[in-house]
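*Asks:* Using the sequences provided together with the hints, build the complete structure.
Each chain, written out:
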Amino acid sequence: MKTLGLSVLLLPLLSGCFLIARHNPDADTSTTRTSKAGLYVVSYRSEVQPVPKRELHRWEIELRDADGRPVDGATIGVDGGMPDHGHGLPTRPSMRGALGDGRYVVDGMKFNMGGYWVVDLAIASQAGDDTVRFELNL
Amino acid sequence: MPPTIVISGSVALFGAALLSFFGSKPSWSAEELDRLRDLRLVEGPASPDPTNRHASSEEAAALGHELFFDTRFSSNGKVSCATCHLPEADFQDGTPLAHGVGTTGRRTMPLAGIDGSPWFFWDGRKDSLWSQALGPLESPVEHGGDRVQYARLMATAYREPYERVFGPLPDLSGLPAHAGPNGSREVRAAWEALPPSKQDAVSRVFANMGKALAAYQRKLQPAPSRFDAYVDAVAEGRERGDLLSADEEAGLRLFTGKANCTECHNGPMLTNHDFANTGVPAVPGMPGDLGRAEGTQDLLEDEFNCLGRYSDAKPDDCRELRFLVADHHAIRQYKVPSLRNVAERAPYMHAGQLPTLEAVVDHYDRAPAPPLGELEIRPLGLSTAEKAQLVQFLRALSSPLATDPRWLRPPGPAPEVRLAQTLGDGETTVDGSVIVEGSAVSLAAHLADLEGWTDLFRDVRAMKPRKDGTWGIDSKVFGHAHRFRPVARGDGLRLELAETDHGTASLDYRFEQVDDAHAKVVVRFHMTTPETLTQAQVVHVLRAKATVDLEDLARLSIEETP
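Those sequence lines, one after another, are chains A and B.
When we follow my numbering, the leftmost residue of the first sequence carries the number 1, and every step to the right adds one.
When we follow my numbering, the leftmost residue of the second sequence carries the number 1, and every step to the right adds one.
Hints were generated in silico from the structure; no laboratory data involved.
We treat Cβ as the ideally placed atom computed from N, Cα and C, and that holds for glycine.
Heads up, a few of these hints could be off.
Unchecked claim - Cross-link-like lysine-lysine pairs, in silico, BS3-like; alpha carbons within 30 Å at most:
#, chain 1, residue 1, chain 2, residue 2
1, A, K36, A, K53
2, A, K53, B, K78
3, B, K78, B, K198
4, B, K520, A, K53
5, B, K520, B, K78
6, A, K53, B, K258
7, B, K387, B, K258
To be verified - Each pair of labels, with its calculated beta carbon distance range:
#, chain 1, residue 1, chain 2, residue 2, range
8, A, G100, B, H99, 38 to 48 Å
9, A, S94, B, P168, 37 to 47 Å
10, B, A369, A, G100, 44 to 54 Å
11, A, E47, B, E437, 39 to 49 Å
12, B, E303, A, P83, 34 to 44 Å
13, B, P50, A, G38, 55 to 65 Å
14, B, E186, A, R22, 56 to 66 Å
15, A, E47, B, N76, 44 to 54 Å
16, B, Q297, A, G73, 34 to 44 Å
17, B, S29, A, D101, 41 to 51 Å
*Replies:* Listed below in structure tokens is the structure:
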């Protein structure tokens, strides 16, 4: 928390400009990514395309293990925010249920401005705990 | 090719070269254009509202229109929704704190286009337009009444239109005159004494009043401003003409760029409908105010919220409420207001702490520490010129409402205003009249008292020139922009322009008896053409003012007639 606060203070000084709802040209905005420790290959699909601004919506998450098999029986926690602005998500999204075949519904997604956003998923299943970060330029 | 065309072509080329040399029209990158398009007003009907199945009912809107202007829904018979939400002033009242039967702790919010928001009030303590409407009705400093009083009045004054929309009214016999959960100790005790079934029946009538008021307010929608026309032109690669001046265009660039405004003021209503702690100072002498930190708690406990028994929504429609973040970040967060028509409604912030747009821009530039909570803005480092450009841009966000005028005045037939104009050399006269119910003597007597005029002219709007050569309605109280001196007359009143440095102007009002039941209000407005205006603009001003004044006088006479 402390480092986050510090980075918020320093960013404008370091970048020499002001924090604008800018896209991050270096962001990897792919919708399928391998989790941090390599336990899962995770995909998301927004029920509203493209990912909307200011509108509450759901994401469908698909979990596969490293061998490409669907992972059922997992729980998914959701966090995220705008790293350049030092704030989190405007809502508290949560896993709504499992559709089977490694697919899950996360509800309560909302992005209240354009710019660079990250969404962090914390995944727990019999295969182990791991996290994955999705980046979005809205 | 004829030589003239060649010449004008080369002139155009030379002009273009000059423009590019002297810093020309700025161009917008693809990403900036996306950001501009996001701000473009989306015209059309109000957003769906699953909590109110009557939200788009014309009959509910007509009933809500009646309720909105009815002062009987108050403890003193003098306060209606329109007391603070003045239709002629963008549905707000131009004062720091709202005045109902008492004084509130908050600034009146405008209403146009507000239906699309998931949250209402400065602190977000309501989650639907209809449940918002119930708050002021039971507030001891706003309408000051109670829900049993209101349900009984609905049964006597509005039974037929109510039952057409909502079905049969419940049996309200045996109820006390006053009872409700939010009133004085006596009123609350009377409420506690009622059986739960009666409480529920009354609360349902009360909730339905809110649903009718919401159906009415959904009619109040903003129209595109010069800014929207500019975005259209830029997005389609068309000539921008002088849709925005160079300063306004520079202000727009600051708005979406260095000044960070679109961080919160984004989307078609120029708000993300969210909340922020922007370090707005506390008002000295007022009780502590935690903003949304209190609002979210109130909302979660509110019997009229989306998940409550009076909501028409299915639980799945209440996802905003279910995914609500309620934590310490909400301390002294206040609603991000729409910026549409922002220049027409000083003062600013949740308790009118900042008197002018200049003061607002200066506040954001400085980003002072908040009295409590976490500051969410940073100093901007704007120059004096940049701050002025930003203010210039904010003034380009004004537009009249895209609403049928009948919703903008109290229900009932519109007064039939007749106008004629006489153009002289450097002077203009506009004559107007309207036939009203009542007697000329009583009208004149009522208005002979200057106090009465002062009240009346709350409703009369000064006009101001706009870039397109037309005149916009300025919500300033008449007499602020120009001072007029009243001169008493036997049969009416004459106002003369007090300042002598821009010509002469006079406004005459007379009253004539037509028959036993009707009087005629006659106005004659005369003005010499000042250097700054064309005669066409003078005609426009005088005609617009005559229309507004005659409609106001007709309304006054209707209200005065028993």
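*Asks:* Does each hint fit the structure? Answer for all of them.
*Replies:* Hints and how they fare:
1. K36/A with K53/A: Holds, at about 27 Å.
2. K53/A with K78/B: Given that 30 Å is the threshold and the Cα spacing comes to 43 Å, the pair is violated.
3. K78/B with K198/B: The given pair, whose Cα atoms are some 28 Å apart, holds under the 30 Å limit.
4. K520/B with K53/A: 55 Å, violated
5. K520/B with K78/B: 27 Å, holds
6. K53/A with K258/B: 21 Å, holds
7. K387/B with K258/B: Given that 30 Å is the threshold and the Cα spacing comes to 11 Å, the pair holds.
8. G100/A with H99/B: 38 to 48 Å: 60 Å, violated
9. S94/A with P168/B: 37 to 47 Å: 42 Å, holds
10. A369/B with G100/A: 44 to 54 Å: With Cβ atoms ~52 Å apart, the hint holds.
11. E47/A with E437/B: 39 to 49 Å: 57 Å, violated
12. E303/B with P83/A: 34 to 44 Å: 40 Å, holds
13. P50/B with G38/A: 55 to 65 Å: 43 Å Cβ-Cβ, so the 55 to 65 Å window is violated.
14. E186/B with R22/A: 56 to 66 Å: 59 Å, holds
15. E47/A with N76/B: 44 to 54 Å: Holds, at about 51 Å.
16. Q297/B with G73/A: 34 to 44 Å: 36 Å, holds
17. S29/B with D101/A: 41 to 51 Å: 42 Å, holds
Hints 2, 4, 8, 11 and 13, counting from the list given before, are not met by this structure.
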